[in-house]
Amino acid sequence: MTDKNKQLVSTISDDNKLTLSLKDIEMPQPGADEVVVRMEAMPLNPSDFGVMFSAADMSTAVQSGTDDSPIITADVPAKFMPSLKTRVNKDTPVGNEGAGTVVAAGSSEAAQALMGKMVAVIGGGTYRQYHCVNVRSCIEMQDGTTATEAASSFVNPLTSLAMVETMRAEGHKAIVHAAAASSLGQMLNRICMADGVDLVNIVRKDSQEKLLRDMGAKYVVNSSSETFLADLTAAITETGATISFDPIGGGKLTSDILNCMEAAITRDVEEYSVYGSNTFKQAYIYGALDRGPITLNRNFGFAWGVNGFLLFNALGKLGSETVQSMRKRVAEEITTTFASSYTHEVTLEEALQLKSIAAYGKQATGEKYLIKLQV
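Residue numbers (the numbering used here): 6 to 380.
Don't read these hints as lab results, they were simulated from the structure. Take the hints with a grain of salt, since some may be wrong.
As the list claims (entries may be wrong) - Restricting the straight-line Cα-Cα distance to at most 30 Å, the calculated cross-link-like pairs of lysine-lysine (DSSO-like) are:
| id | residue 1 | residue 2 |
| --- | --- | --- |
| 1 | Lys373 | Lys333 |
| 2 | Lys322 | Lys22 |
| 3 | Lys178 | Lys333 |
| 4 | Lys28 | Lys122 |
| 5 | Lys22 | Lys210 |
| 6 | Lys367 | Lys210 |
| 7 | Lys223 | Lys377 |
| 8 | Lys178 | Lys122 |
| 9 | Lys367 | Lys84 |
| 10 | Lys9 | Lys84 |
| 11 | Lys28 | Lys90 |
| 12 | Lys84 | Lys360 |
| 13 | Lys257 | Lys11 |
| 14 | Lys90 | Lys215 |
| 15 | Lys367 | Lys377 |
| 16 | Lys9 | Lys122 |
| 17 | Lys373 | Lys11 |
| 18 | Lys322 | Lys178 |
| 19 | Lys367 | Lys28 |
| 20 | Lys373 | Lys360 |
| 21 | Lys122 | Lys215 |
| 22 | Lys373 | Lys28 |
| 23 | Lys95 | Lys28 |
| 24 | Lys333 | Lys22 |
| 25 | Lys360 | Lys9 |
| 26 | Lys360 | Lys11 |
Claimed, not checked - Pair by pair, the computed Cβ-Cβ distance ranges are:
| id | residue 1 | residue 2 | range |
| --- | --- | --- | --- |
| 27 | Ser229 | Gly70 | 39 to 47 Å |
| 28 | Lys257 | Lys215 | 21 to 29 Å |
| 29 | Lys367 | Ser278 | 43 to 51 Å |
No experiment lies behind these values; they were computed from the predicted model shown. A virtual CB, placed ideally from N, CA and C, is assigned to each residue, including glycine.
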């Protein structure tokens, strides 16, 4: 094992500047329940960009440094600085997940059992060459699984599984999912088809609708269609969906979904109530593709909730046995149900090129980047 280690960090300084750079760091030494993972593949997910870019205006980004040690700087609007005070002048490691080979292990039986194994890793800033993590932050992959296959084992697979388990735990029977042609959306479709759960998919392009229907999705509605609300209401009526998950956030889509749920529920009700139906409708928002205000046009009664949905909070509510079963399923089905595909591979250095940032920062459906390190 080499004594060189490098990681990607994001720093916001008190002069309202964001800096992205590669820093040399010490080679970690594992504690009893820890392992050192040689990181080999790490996805660039939208969930990583909140730490990486924070509130910076990336249209002001400038590249400097060298090819081996690039530096990106950008302006942070002054209005956002008060909310960022806890990270000012601190190097913040970037990267939520990745995969690689265990090259050193602590003294515990659990750590030693992972020595030499391919593992998926969550947390702590995975965009680095060598990462020391607790064994509980690893999923041991099956023999023959590659780092590229295992790289996205946590965020999308466990989030999509957590959506289905949350639906069950809260007493719903079908799901509405927005921006449904995403990598996560495709996984959710495969899970729901395998588990016999009805899923109403909302997309915004004909090509996305075709993609999901070709996968076998039964309910796909297009938000750009003139008949969108009628189509959504019809799909909800047929499935009985009363829970939704939306990564967009801003705008009125959450409101539209709740209104269509209420319309479906009260479709055959003859007695009017000013308070609406008694059926509880739950809308979860798990992203911020639109950072604008969430607009609610309240024609959906009083039995409803709009909440944020975060993977780690959801896992905490589901219980250890359920979570362990989810992790086991991911390892077993990482090349099928939970398979991810990547359109571009970059090195750590290439990830800090303006042209790369402009591409993966768009978060476009069907465009997924992977940081790939040479072994």
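* Asked: For which of the previously enumerated hints does the structure constitute a violation, in increasing order of number?
  -> 2, 5, 7, 8, 10, 13, 14, 21 and 24
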